[in-house]
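With chain E's structure known, arrange chain R on it following the hints.
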Amino acid sequence: MPLQDHDKFLELFLQNQNRIYGFILTVVFNRDDAQDIFQQTSLTLWRRWPEYDPQRDFVRWAVGIAFNHVRNFRRRKRLDGQQLDDDVLELLVQTRLDEDDWLQLRRQALTSCMKKLPAEQRQMLERCYVGKDSIKVVAQRYGLTPNVLYKTLGRIRRVLHECIERSVASEAPAMSRPVGGEG
Amino acid sequence: MTTNPNRAWLVLANAACNGTLTPESRQLLQKLLRENPDVRRQFVAYMDMHATLAWELRADNAVPAFAAPILPQTAEQEDTAALLREILEQERAAAEQRAREQQERLLREAQETTERQLQLPSARHEDSPSVRYIVIPRSLFFGLIGSVAAAILVLLWLALPSGEEHGQPTQNRDSLAATPPAPAPTPVTPAPVATLRSSHEAQWGEHDISPGRPLVPGDYRLERGLALVQLNGGATTLLEAPVDFSLVDGDSLRLAYGKVVGRCEEGERLIIRTPNAEVVDLGTEFGVVVDDQGVTTTHVFEGVVRMTPMANGRPGAASHIIGAGSARQVDATGTHVSTVAPAELTFVRTQEFEARRAADTSPYHRWLAYSYELRRRPDVVAYYTLDDVTSTGLVLNLADATSGRLNGEPCQSMLLSLADRVVPGRFPGKTALRFDGSLEDYIVVRDEEMLTHCDTVTIAAWIRPDWTDRYVDMAIVSRRESEMGLINYQMGLLGNVPTSLGSLQWLSRPDGLVMTPPQWSTPPVFSFEPRWMHIAVSSGTEQAVVYLDGREVARFASHTIDRRPHTLLIGAAQHGSSAQDVVPRFFFNGVIDELLIINGTMSASQIQELYQRTRPEL
Chain E
1 MPLQDHDKFL
11 ELFLQNQNRI
21 YGFILTVVFN
31 RDDAQDIFQQ
41 TSLTLWRRWP
51 EYDPQRDFVR
61 WAVGIAFNHV
71 RNFRRRKRLD
81 GQQLDDDVLE
91 LLVQTRLDED
101 DWLQLRRQAL
111 TSCMKKLPAE
121 QRQMLERCYV
131 GKDSIKVVAQ
141 RYGLTPNVLY
151 KTLGRIRRVL
161 HECIERSVAS
171 EAPAMSRPVG
181 GEG
Chain R
1 MTTNPNRAWL
11 VLANAACNGT
21 LTPESRQLLQ
31 KLLRENPDVR
41 RQFVAYMDMH
51 ATLAWELRAD
61 NAVPAFAAPI
71 LPQTAEQEDT
81 AALLREILEQ
91 ERAAAEQRAR
101 EQQERLLREA
111 QETTERQLQL
121 PSARHEDSPS
131 VRYIVIPRSL
141 FFGLIGSVAA
151 AILVLLWLAL
161 PSGEEHGQPT
171 QNRDSLAATP
181 PAPAPTPVTP
191 APVATLRSSH
201 EAQWGEHDIS
211 PGRPLVPGDY
221 RLERGLALVQ
231 LNGGATTLLE
241 APVDFSLVDG
251 DSLRLAYGKV
261 VGRCEEGERL
271 IIRTPNAEVV
281 DLGTEFGVVV
291 DDQGVTTTHV
301 FEGVVRMTPM
311 ANGRPGAASH
321 IIGAGSARQV
331 DATGTHVSTV
341 APAELTFVRT
351 QEFEARRAAD
361 TSPYHRWLAY
371 SYELRRRPDV
381 VAYYTLDDVT
391 STGLVLNLAD
401 ATSGRLNGEP
411 CQSMLLSLAD
421 RVVPGRFPGK
431 TALRFDGSLE
441 DYIVVRDEEM
451 LTHCDTVTIA
461 AWIRPDWTDR
471 YVDMAIVSRR
481 ESEMGLINYQ
491 MGLLGNVPTS
501 LGSLQWLSRP
511 DGLVMTPPQW
521 STPPVFSFEP
531 RWMHIAVSSG
541 TEQAVVYLDG
551 REVARFASHT
561 IDRRPHTLLI
571 GAAQHGSSAQ
581 DVVPRFFFNG
591 VIDELLIING
601 TMSASQIQEL
611 YQRTRPEL
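Chains E and R are the protein sequences, given in the same order. For the first sequence, the numbering used here puts the final residue at 183, and the numbers step up evenly by one. For the second sequence, the numbering used here puts the final residue at 618, and the numbers step up evenly by one.
Hints listed in this document are in silico derivations from the structure and should not be mistaken for laboratory results. Yeah, the Cβ is synthetic: ideal placement off N, Cα and C, and Gly gets one too. Any given hint might turn out to be false.
[As the list claims (entries may be wrong)] Derived lysine to aspartate or glutamate pairs resembling EDC-like cross-links, with alpha carbons at most 16 Å apart:
#1 R:430 to R:206
#2 E:136 to R:617
#3 R:31 to E:126
#4 E:8 to E:57
#5 R:31 to E:85
#6 R:430 to R:388
#7 E:116 to E:101
#8 R:31 to E:86
#9 R:31 to E:57
[Said to hold, decoys possible] Footprint (simulated), chain R over chain E, 3 or more residues, beta carbon under 8 Å:
#10 12-22
#11 52-59
#12 65-74
#13 104-111
#14 137-151
#15 155-169
[Said to hold, decoys possible] Facing chain R, according to a computed beta carbon distance under 8 Å, are these residues of chain E, among others:
#16 29
#17 31
#18 40
#19 125
#20 129
#21 130
#22 131
So that you can see chain E by itself, here it is in the shape it has in the complex (with noise of 0.2 Å):
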């Protein structure tokens, strides 16, 4: 394969892995597992590079790839009580490529609710989030139980969330549509 190819793919890749990181998680929950698939699907990624078709998104045939490994983890893990029936993982999926633009708008709202958050909270997500500790040692760090920290760390996300709906429904009100929240 032609150098030019491989810088290609690394230009397409890197530019997109958190959107296919993303899809993963969307539909695996678990971090861990989800980090597995990810790196799975990078290594057949680049071995399947040579197929790629350049007029096909990238994107979508990433996350093709990518669904391809989250059925085979569903079926070695199908017994753990967290995996999604096949019927929702492609109500999902679908969901996931039809909303793509939405979502890339609501990454960058991210980034502004995020410096909108108190310093405490964003600490904690951090701390959270960077996965250095497990929950437990967060948790005690802050003088919480790890359930307690969860639901901390649920109502930050509601805020999060919150926060954007707002920011994308004032840049783009015809892409937002919300449910409503939680209590």
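Leaving out everything else, chain R in the frame of chain E:
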């Protein structure tokens, strides 16, 4: 039951993010996702946000999209963080450059190797025909592919998020070879800060804790039962499952979720910290509850406490001093405090805890534990145990549903005070009230709407009648309609002196102005011997069932009871044709130990349970 998708999807999405979806919640999530395209769209958006956070904030992402420094607070720290990010970025760029160079070198070497391989045959077979077959050895082909793949994987590895999430700290990969492994830390057992004094049906989340065991600082979850934990500072905390808490030191405890009752004696100190409040005991007994919305409520039973709302680790509003019989609530943000109705029975306090523990070995404790259950029942309109009359001069109604109302007062003509009428009850340690059938003494409970609303009713009482004076018609309890003075219902005893046998009596007047109410009595069902008796009547819209000692002894046709305002009399009945003409009579002679009035009927098995759990023998 229907589920509100507006709320449910978000709760379920959070559970998905946290990895705490149960099979049941997964099914509900799938149902919502299948049926509601808007929920599907929002769920995808929410999970994408979660994924973006996971991606951008991962340990090895030196420059996340959310570039604003989060952890540093001071300018110096910000500078340090910026420098650190710069160094990391340089290291990352250098690593990528090295990987690219390595990739190119591998490709060059592979290409040169291939060319050498391809040149060899032609050199050896110069005289061969012009048509040649070029054969690339299989091992060389796979070696070439493998080399390129390895190079790409190095690049991918650099680009991927760390695989060490949720575990060990991530190390700088470049420093792995140079940094010797740190020596394993010597495990240090923290000093205990509390002791589990006793427990009842306790089931702990991650620990196997038995009474007497010292407890070290850390997180605890009591999944079932009750636990009495004494902190080393002396204060006691009674924890009621489900509860999540952390022991901090000998004087303080963090309550993340659930209920705790704290008690301090003089010279002791107790601080309970919740996610949004700090409660400091100033020598008292109080209860704190944190609900699943993060709201903290403090109820003070005795003494005073100081409660400070906390927002983001700092006081979110002014502190409140809360006195006995009061309660305050702090909202989830820790910025707003409101006054709420005190609800002592929300908590299990020490007396109930001890009663539950001893319920199997002592009839008194069995009754006491059950009496708390009765007090909490929403259909219990009035509950008089008649054993605490001296402190207030009243017969207190202990039913939580009508708390503070329906207290009984001695009638005006009562010659002896209530305190003079206190006698031993049916258990050692419990007192009851003696009624003298020869005097006009009875207890009056004034008109209240909650009495009026009982048009079907169950009444149960523990009594010990005294037949020595040959009073043969005795009312235990009666209800009188106020406006016209008409008797409404009456539960009592009817004695037959010649035979020394007695019957149970029930009288009730249907809704409307029926002047003479139907009156029933059972056949003789007991003798005049002195003993404790449990009498109960469950009166429904069609029939009234009469019970003695938990067993049905008769059943009569019945009806809906009159709903106008009424007064309740304990130990007598007032009959008359008008409000001005009522005359109290049928005075009870003997001891009444307990009286329970329930709004609605009870089944035979429920009456049997009531008898079994309150009787004076084991």
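Hints, one by one, checked against the model:
{"no.": "1", "hint": "R:430 to R:206", "result": "violated (40 Å)"}
{"no.": "2", "hint": "E:136 to R:617", "result": "violated (50 Å)"}
{"no.": "3", "hint": "R:31 to E:126", "result": "violated (32 Å)"}
{"no.": "4", "hint": "E:8 to E:57", "result": "holds (14 Å)"}
{"no.": "5", "hint": "R:31 to E:85", "result": "holds (11 Å)"}
{"no.": "6", "hint": "R:430 to R:388", "result": "holds (9 Å)"}
{"no.": "7", "hint": "E:116 to E:101", "result": "violated (23 Å)"}
{"no.": "8", "hint": "R:31 to E:86", "result": "holds (13 Å)"}
{"no.": "9", "hint": "R:31 to E:57", "result": "violated (31 Å)"}
{"no.": "10", "hint": "12-22", "result": "holds (count 6)"}
{"no.": "11", "hint": "52-59", "result": "violated (count 0)"}
{"no.": "12", "hint": "65-74", "result": "violated (count 0)"}
{"no.": "13", "hint": "104-111", "result": "holds (count 4)"}
{"no.": "14", "hint": "137-151", "result": "holds (count 10)"}
{"no.": "15", "hint": "155-169", "result": "holds (count 6)"}
{"no.": "16", "hint": "29", "result": "holds (5 Å)"}
{"no.": "17", "hint": "31", "result": "holds (6 Å)"}
{"no.": "18", "hint": "40", "result": "violated (11 Å)"}
{"no.": "19", "hint": "125", "result": "holds (7 Å)"}
{"no.": "20", "hint": "129", "result": "holds (4 Å)"}
{"no.": "21", "hint": "130", "result": "holds (5 Å)"}
{"no.": "22", "hint": "131", "result": "holds (3 Å)"}
The structure fails to meet hints 1, 2, 3, 7, 9, 11, 12, 18 from the earlier list, while all remaining hints are met.
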